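Take a look at the letters that make up each chain.
Number of protein chains: 2
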Amino acid sequence: MRTLMLALAAMALAASPALAADARQQERDKKSVVDFYEKALNQKDFDAAAKYLGPRYTQHNPNAADGPEGLRALLGFLEEKFPNSRSEIKRVFADGDYVILHVHAVREPGTRGTAIVDIFRLEDGKIVEHWDVVQPIPEKAANANGMF
Amino acid sequence: MRTLMLALAAMALAASPALAADARQQERDKKSVVDFYEKALNQKDFDAAAKYLGPRYTQHNPNAADGPEGLRALLGFLEEKFPNSRSEIKRVFADGDYVILHVHAVREPGTRGTAIVDIFRLEDGKIVEHWDVVQPIPEKAANANGMF
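Residue numbers (the working numbering), protein chains in the order written: chain A, 6 to 153; chain B, 6 to 153.
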């Protein structure tokens with residue numbers, strides 16, 4: 006009985022730190038991505054946001070140029086054309102090296118705006134890749150639940 | 006030393022099963038959602054897909070009616086108008102009670118199709134809520150990385 010208990014404890018000791026370390030890393034990654042998003046999309050502060058980027062930033066949004074310079078251009082465009090634009094994060098998920106945001110973005114206050122899902126991949130806690138999907142929120146819907 | 010080791014083992018035993026159970030549930034939820042998606046969007050088999058639904062199905066896609074009947078209507082529409090439509094799952098994520106899919110959907114073979122992120126919420130292993138964001142893939146892009 007005692008041998009069995011010690012064997013079980015040893016197995017738990019071996020398995021637990023890996024799972025717990027994964028969970029802690031994912032919480033850190035979520036916090037980094039949420040901070041990055043706030044600095045970038047709401048404060049439109051490229052330098053503050055760029056601190057969260059890794060040695061490269063592979064861009065899959067078809068409207069943005071690859072790399073950090075594409076992000077800088079987007080933030081410059083927003084600051085000039087839509088200084089009051091706001092992105093509200095509705096949900097944050099993490100799995101492995103990925104953080105996923107479900108976002109309501111409004112460029113002109115008072116308009117319906119867009120529903121967005123952003124997917125970020127991180128390496129060593131830094132953002133290195135980004136995908137997104139963007140859909141304008143329609144005026145009418147076939148259900149009463151809203152897009153969020 | 007032995008007391009310390011036993012205390013650490015006890016702590017690990019207490020923490021590990023919860024994390025391991027979460028991880029196992031998330032793997033089961035991923036498998037359920039992937040199977041549901043294949044049955045629904047590719048096989049267009051409402052009855053086979055509906056087995057994965059819980060006691061309700063809260064729909065946030067603005068083009069679909071609430072509940073299982075909205076899903077049935079979508080699959081009937083696809084079967085009639087786009088029988089060769091295909092949805093290819095590119096990435097699967099899970100966090101807590103949520104499963105997230107990154108999908109390339111093509112209604113007419115040979116067309117560029119749409120990029121989609123679907124978010125499903127599960128209760129007791131059954132799908133009870135759905136959000137999505139859908140974007141047509143543009144002909145030209147500002148980078149060479151593709152939307153996936």
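No wet-lab data here; the hints were simulated from the structure. None of the values given here were measured: they were computed from a predicted structure. Glycine residues also receive a C-beta, built at the ideal position from the N, C-alpha and C atoms. Check before you lean on any hint, since a few could be wrong.
Capping the alpha-carbon separation at 20 Å, the derived lysine to aspartate or glutamate pairs in EDC-like fashion look like this [said to hold, decoys possible]:
no.: 1; chain 1: B; residue 1: 95; chain 2: A; residue 2: 100
no.: 2; chain 1: A; residue 1: 145; chain 2: B; residue 2: 71
no.: 3; chain 1: B; residue 1: 145; chain 2: A; residue 2: 71
Sample of chain B residues at the chain A side, in silico, Cβ under 7 Å [unchecked claim]:
no.: 4; residue: 103
no.: 5; residue: 106
no.: 6; residue: 118
no.: 7; residue: 140
no.: 8; residue: 141
Counterexamples of contact, computed for chain A against chain B with all Cβ distances above 12 Å [said to hold, decoys possible]:
no.: 9; residue: 44
no.: 10; residue: 55
no.: 11; residue: 80
no.: 12; residue: 87
no.: 13; residue: 89
no.: 14; residue: 130
no.: 15; residue: 144
We went through each hint and held it up to the structure:
For the hint linking residue 95 of chain B to residue 100 of chain A, the alpha-carbon distance of about 15 Å falls within 20 Å, and the restraint holds. At roughly 14 Å between alpha-carbon atoms, residue 145 of chain A and residue 71 of chain B fall within 20 Å of each other, so this suggested pair holds. This hinted pair checks out: residue 145 of chain B and residue 71 of chain A have alpha carbons roughly 14 Å apart, not beyond 20 Å. Residue-level restraint check for residue 103 of chain B holds (minimum Cβ-Cβ distance to chain A is 6 Å; threshold 7 Å).
The restraint placing residue 106 of chain B at the interface with chain A is violated, with a minimum CB-CB distance near 10 Å, outside the 7 Å limit. For residue 118 of chain B, the suggested interface contact is broken, since its CB lies about 12 Å from the closest CB of chain A, more than 7 Å. With 7 Å as the threshold, the beta carbon of residue 140 of chain B comes within range of chain A, its nearest partner Cβ sitting at about 5 Å, so the hint holds. For residue 141 of chain B, the interface hint is violated, the least distance from its beta-carbon to any beta-carbon of chain A being 10 Å, above 7 Å.
Every Cβ of chain B is farther than 12 Å from the Cβ of residue 44 of chain A; the closest lies at roughly 22 Å, confirming the non-interface assignment. For residue 55 of chain A, the shortest C-beta to C-beta distance to chain B comes to about 18 Å, beyond the 12 Å cut-off, and the non-interface label holds. The Cβ of residue 80 of chain A sits about 15 Å from the closest Cβ of chain B, beyond the 12 Å cut-off, so the non-interface label holds. Distance check on residue 87 of chain A: its Cβ is at least 18 Å (rounded) from any Cβ of chain B, clearing the 12 Å threshold; non-interface status holds.
Under the 12 Å C-beta cut-off, the non-interface status given to residue 89 of chain A relative to chain B holds; the minimum distance is some 23 Å. With a cut of 12 Å on Cβ distances, residue 130 of chain A stays outside the contact zone with chain B, its closest approach being about 18 Å. Chain B draws residue 144 of chain A into its interface by the beta-carbon criterion, the shortest separation being 9 Å against a cut-off of 12 Å.
Violation of the numbered hints given earlier is confined to hints 5, 6, 8 and 15; the remaining hints are satisfied by the structure.
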